[in-house]
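Spelled out, the chains give:
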Amino acid sequence: MNRKVIIQISHLSKQYDAHFAINDLSFDVYEGEFISILGPSGGGKSTLLQLIAGLAKPDAGEIRIQERLVSSLNTMLPPEQRGVSMVFQNYALWPHMNVYEHVAFGLKLPRVQRDQHVHSLLELLELQGLANRLPSELSGGQQQRVAIARALATAPRIILLDEPMSNLDGYLRLQMRSQLKAMFKKLGTTVLYVTHDSEEALAMADRLLIIKDGHLEQIDTPLACYAAPASAWVAGLLGAINRTTASIAVNNSREFNVGYDQTLRALNPLPYSISQGQRVELRSRPEDITILEKEPASIPPNYSLNRAFVLHSGFEGKYWRVTLLSEPEVLYYALHDNYLEPGIYVWAMSDSNKIFVYPINEK
Amino acid sequence: MFIDSLLRSIKIASTAALVGLILGLTIAYVLAFAKFRFKHFLEAVSLVSLAVPGVVLGIGYIFMWNQKWLEPFGLLLYGKPSILIIAAIAGTLPIITRIISGTIATIPHTMLDVAQLQGVSLAGRIVSILLPLCKSALVTAALSAFGASMFDLAVNSILYPPGQLTLPVMINKAFEDLRFGYAAAATMLGGIIVTTVIVVISKLMSIKVRHEY
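Same order as they appear, the protein sequences are chains A and B.
Residue 232 in this note's numbering sits at position 232 of the first sequence; the count goes up by one each step and never skips.
All you need for this note's numbering is the position in the second sequence, starting with 1, plus 1000.
A few of these clues could be false.
Per label pair, the in silico range of CB-to-CB distance [as the list claims (entries may be wrong)]:
1. B:1153 to A:112: 51 to 61 Å
2. B:1022 to A:167: 33 to 43 Å
3. A:169 to B:1122: 35 to 45 Å
4. A:76 to B:1172: 55 to 65 Å
5. A:78 to B:1210: 25 to 35 Å
6. B:1122 to A:96: 12 to 22 Å
7. A:197 to B:1038: 40 to 50 Å
8. A:169 to B:1191: 52 to 62 Å
9. A:172 to B:1191: 50 to 60 Å
10. B:1039 to A:172: 39 to 49 Å
11. B:1018 to A:113: 35 to 45 Å
12. A:76 to B:1044: 55 to 65 Å
13. B:1122 to A:11: 30 to 40 Å
14. B:1038 to A:76: 45 to 55 Å
Worth flagging that the hints you see were computed from the coordinates, not collected in a lab.
Idealized CB from N, CA, C, for every residue including glycine.
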């Protein structure tokens, strides 16, 4: 498929005093693509959107939209000329304007066409009958949809969404995820969607852009990022919270020690080779560890088995989150169907294909 | 005489309030939104007249606007009503700027950013978004400036043009001439008229119009 690049970011940097909000960031966005920008709070996600929108000026690098240079150290195309719309985290609705006036705000159309356009957007966003309401008379979900309708009104090529669901309750967020993605796909709009919720990012994106301290950590499809996180930090962000930080490769066959006489095999494909004696960080997800209350007679190929001590069992609705301790002091979590009494010994079985290995570079 | 002084004071105070409002809004906007290098200097200058006594300011205006070299430019203002308007603007500007700045500081920048991204010009953003959002502060600032200018005695008594008494100067002169009854009645009447103007304007400005679509 021949995809057309709509946004080109090259070596982009933005500094606030001594702090780099964006640090030498480069990537392309294709037309009609839905990109989720994932990272921790203060990681530079919102700054990136502001730079693309033209609300902030880069200190280095370039931004091109449809091949036109819109931002660089010496060029700054005003936001209103970029063909970009934005939905802010606080929605930025104007308290003195009703829903109709919000959606019609940027439209330069004759009255009849404007009415038609506004009402078709209200219908698309399921806001019929609310045209005369002020923002204070709307629910959180309705406010969000008004902000999106307003952003779509001027038919932008690119829409930037800055954590638009952070003010919504859990059920509404789930509902809006699929609705929004389907709507943007139908309209063919290119979307950059900022979130710090990894589930939301994975569920909505065509590609994930993961940034930390303004630096690109990984850009790939959600499946690829989930299956092979590019760094230990990305692995942690995508749920691989179990970690050892002082494991050593005991041979050249990807076997690593996790205690005095316990080892784990990590067969997840790596872009690098690890030789005996290399110090590594191992990462795994709690849902990829199976707890067995009795020692099994055999285990499937490519699985590792380790004895562990139950420290705590916490009920989380669908499952119990069990805190385990392997000798000598490796603490990790696993999910289990039932309560396990703290103090007992169990067997933890892990799929070697789902253990991630990251070499530790010692200086 | 009372009517003449009252109308003169109303004219000066309303002009000062209006011009002060435009200047104050501009300064407050620059302080809140513009990426302007000399913001803090501008803020300090806008506060100067609060820190200097009115009498000293009045004498300063005489020195400033009574210089010969200003004559060819038509700016020899001492002895003309316009010097009273300039003095009133300078006196009310800090109050207006403070009141509007306080409100503008509470308006999220994103409200103007989103309007800009919708393709609306700076003038359009100010008229459609900023002014309605700080409407009550603008009304309060203008009416406070109007009220303060109406009864400012210190600067008025130094700068009033010969034979063109303003309301506070006229009342003061009546007291000095021991016409206590006249002075008290003028004070009461002036106060009632000014209060009525303030109440009526603020009621009119608080009327909300809702459009139906």
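query: Which of the numbered hints are not met once you compare them with the structure shown?
result: 12 and 14
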